[in-house]
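Protein chains: 2
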Amino acid sequence: MAVAVGPGMEELMNNPSKFRLIRTCPDSQARAGELMTPHGVVPTPVFSPVASQGTVKTLTPVEIKDIGLNMVLANTYHLYLRPGIPVIEKMGGLHKFMAWDGPILTDSGGYQIFSLAQLRQVSDEGVIFRSHIDGSQHLITPELAIQFQEALGADIIMVLDECPAYDENFEKMQEAVNRTHQWAERCQIAQKPGDQALYAIVQGGSFAELRRQSAAYLTALDFPGYAIGGLSLGEPKQETLAMIEDTVALLPEKKPRYLMGVGSPEDIVAAVARGVDVFDSALPTRIARHGALFTRLGRVNIRNAAYRQIESPADSDCDCDTCRTFSAAYLHHLFKSRELLGYRLATIHNLTFISNLMQKIKGAILDGTFTSFKEDFLASYQPTDEQIRLAQKQKWLKAKSRQQ
Amino acid sequence: MAVAVGPGMEELMNNPSKFRLIRTCPDSQARAGELMTPHGVVPTPVFSPVASQGTVKTLTPVEIKDIGLNMVLANTYHLYLRPGIPVIEKMGGLHKFMAWDGPILTDSGGYQIFSLAQLRQVSDEGVIFRSHIDGSQHLITPELAIQFQEALGADIIMVLDECPAYDENFEKMQEAVNRTHQWAERCQIAQKPGDQALYAIVQGGSFAELRRQSAAYLTALDFPGYAIGGLSLGEPKQETLAMIEDTVALLPEKKPRYLMGVGSPEDIVAAVARGVDVFDSALPTRIARHGALFTRLGRVNIRNAAYRQIESPADSDCDCDTCRTFSAAYLHHLFKSRELLGYRLATIHNLTFISNLMQKIKGAILDGTFTSFKEDFLASYQPTDEQIRLAQKQKWLKAKSRQQ
Chain A
1 MAVAVGPGME ELMNNPSKFR LIRTCPDSQA RAGELMTPHG VVPTPVFSPV
51 ASQGTVKTLT PVEIKDIGLN MVLANTYHLY LRPGIPVIEK MGGLHKFMAW
101 DGPILTDSGG YQIFSLAQLR QVSDEGVIFR SHIDGSQHLI TPELAIQFQE
151 ALGADIIMVL DECPAYDENF EKMQEAVNRT HQWAERCQIA QKPGDQALYA
201 IVQGGSFAEL RRQSAAYLTA LDFPGYAIGG LSLGEPKQET LAMIEDTVAL
251 LPEKKPRYLM GVGSPEDIVA AVARGVDVFD SALPTRIARH GALFTRLGRV
301 NIRNAAYRQI ESPADSDCDC DTCRTFSAAY LHHLFKSREL LGYRLATIHN
351 LTFISNLMQK IKGAILDGTF TSFKEDFLAS YQPTDEQIRL AQKQKWLKAK
401 SRQQ
Chain B
1 MAVAVGPGME ELMNNPSKFR LIRTCPDSQA RAGELMTPHG VVPTPVFSPV
51 ASQGTVKTLT PVEIKDIGLN MVLANTYHLY LRPGIPVIEK MGGLHKFMAW
101 DGPILTDSGG YQIFSLAQLR QVSDEGVIFR SHIDGSQHLI TPELAIQFQE
151 ALGADIIMVL DECPAYDENF EKMQEAVNRT HQWAERCQIA QKPGDQALYA
201 IVQGGSFAEL RRQSAAYLTA LDFPGYAIGG LSLGEPKQET LAMIEDTVAL
251 LPEKKPRYLM GVGSPEDIVA AVARGVDVFD SALPTRIARH GALFTRLGRV
301 NIRNAAYRQI ESPADSDCDC DTCRTFSAAY LHHLFKSREL LGYRLATIHN
351 LTFISNLMQK IKGAILDGTF TSFKEDFLAS YQPTDEQIRL AQKQKWLKAK
401 SRQQ
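If you read the protein sequences in the order shown, they are chains A and B. Read in the working numbering, the first sequence has 220 at position 220, and its numbers run on one by one without any break. Read in the working numbering, the second sequence has 384 at position 384, and its numbers run on one by one without any break.
Treat the hints with caution; some may be incorrect.
[Unchecked claim] Pairs of lysine to aspartate or glutamate, DMTMM-like flavour, derived with a Cα cap of 25 Å:
{"#": "1", "chain 1": "A", "residue 1": "K374", "chain 2": "A", "residue 2": "E266"}
{"#": "2", "chain 1": "B", "residue 1": "K65", "chain 2": "A", "residue 2": "E63"}
{"#": "3", "chain 1": "A", "residue 1": "K192", "chain 2": "A", "residue 2": "D101"}
{"#": "4", "chain 1": "A", "residue 1": "K336", "chain 2": "B", "residue 2": "E63"}
Derived from the structure by calculation, the hints contain no laboratory data. Nothing here was measured: the structure is a model prediction, and the numbers come from that model.
Based on the sequences and whatever the hints tell you, model everything.
As structure tokens, this is what we get:
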């Protein structure tokens, strides 16, 4: 793929945001760029699969690379609780521990503490919570969140943020936004000099006014990158897109924008059009383990009896290892038989679909054809029905807070 | 590896047993040979991993080949119930269905009906049983067992046998042996001309007299191969070995001998010394999913807290993908976190251990050093304590009959 003229590697290294904007779409906010990290260059827009516990579920690092994915997201909250930060530090850091030599992004644990852990007490100092694994009590502060992420050694690290439910009232949300700002500042001060890029997280739920405050406060602190947090948590999709649009408009053009926790194909395309560069989400891997596979026309479920005797692959348009090797009937059989290989083959397919989508998006931006690509894609891709989607999301969030 | 002088491929093809004996150990019954199958030559002694439902749990066919395993065992009982023989037939046979182009051995379903299914009624005609999946009622006869296995298209197929518990009394065991003989004869008659090798199964539990009768009756029928069934079902290990020794002595030298359901390293070595050529067992893959890993010194369990901070591989002597890539600490973490990748990595290790063991065994037989290899191996390999082993086996058999 042709790469437009831009600054050289040296200039990129000296650029504090470690981000190079290569091309912006003439008729949308979509943009192609590159993130420079200590473990290599990441072309953007980029999707990072989730490896919360130091593993993209079912796959080896070699498979993730073969799929064409360059950067994974691990989770400070999970790794802090198990195996523990000192263990990973002793094993030579997270890259070595999980045998992944590409870029890693770590979330600070903010979101997980507020969604998975049994919450005890939030104060300006930090948050005391109980482990979802064994109920043990822990305190995390902005300074500790940075210390842990420095010990893990990820390439991109995140500030500790307070992440309320999407339906909290304005006052509660305002309080969380203010605290997130104070914590971001403390994270920035706590960070040791080095080559990790620390991104701030814009919060504010669905309140445009709070988003505006948050973007203004954090951009004034001049972080190398900005995340949009607190979205895709059960609010209607139109609200998500409006908030992305409003927030991106307030962020500096030359810095990367990372939309946290969004990973459905239609949302990625829509968010790229609104100027997002970086995505992470457990959705493609999680729904794979339930038999849901992405296709050009939308999601299908391989558990459906219609696949019982289909000799062609689950997705005839797909060139992934799964679709090149196995019939839909075999994949259906593995799921009906609860065979672990099924979860793995479905994961390979969904991540390949997303990886190919990111490449097509990037190619279209570079070619100046992104808008027609987007229109074609969204015209054929049938998103999961909004009502079903919201019901599933609520069910999943509920199950998560109950079980874990 | 040097191969001794033997008959050419043409002669092998004309040999009804499709077996070539290459070398016999001068001071034990151990022997090296080759099985000729429509999907390639299988060097013996050989271990076949279990793919009951058409998948070696967690692994792809490419991985199984990379591990060095040439033949897998699938199960007529499981595949008959799900997805159903007609589905696999329509998908082009079992090889194509599971994307495995190497040799396949199918068990007839006899053992599974007597261990997994809710048994309804055995008669001379066949056996009526209820599915462990949905309780539906089915009849299987010797003729149907052959018809199903012909439809699946395995390279080596088995007669339908009656397989009582190891502690049945003599009269019950005698009855089962007699019926197994009648069924074997009917299977032989039912088999259509073709290139599938149909093996008979010697039964008789731990009664030497019944084993003798069984071997005599079945060898008179001149099958291309003979299996030793009804062992390793909870009886003391010394009894197993004595029965193997007695049975092998009664089997024709020029035909392959297949010990069903035995797969621990120490048992394989001991049974090879007693003249066994073919093995299958779910043990290496099943215990892998519980964190038990084979090493030169015996089994270890990666879940053990001692591995929490071990930077070296789980087995430093091992060259498998798992041990070359990941630390013991990481594998320990995956198991503690119940990550699916852990089950897969442990499976790769255990199957590689067994694959390497089979290669060493074969090399030692060809070099004439098998007895010293065996002594060295058994001197360093600490088998699982007999009491623990029996307790585990009973627990597993009980869980299996309850759950499935």
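> Which hint numbers doesn't this structure obey?
Replying inline: Per hint list: zero violations.
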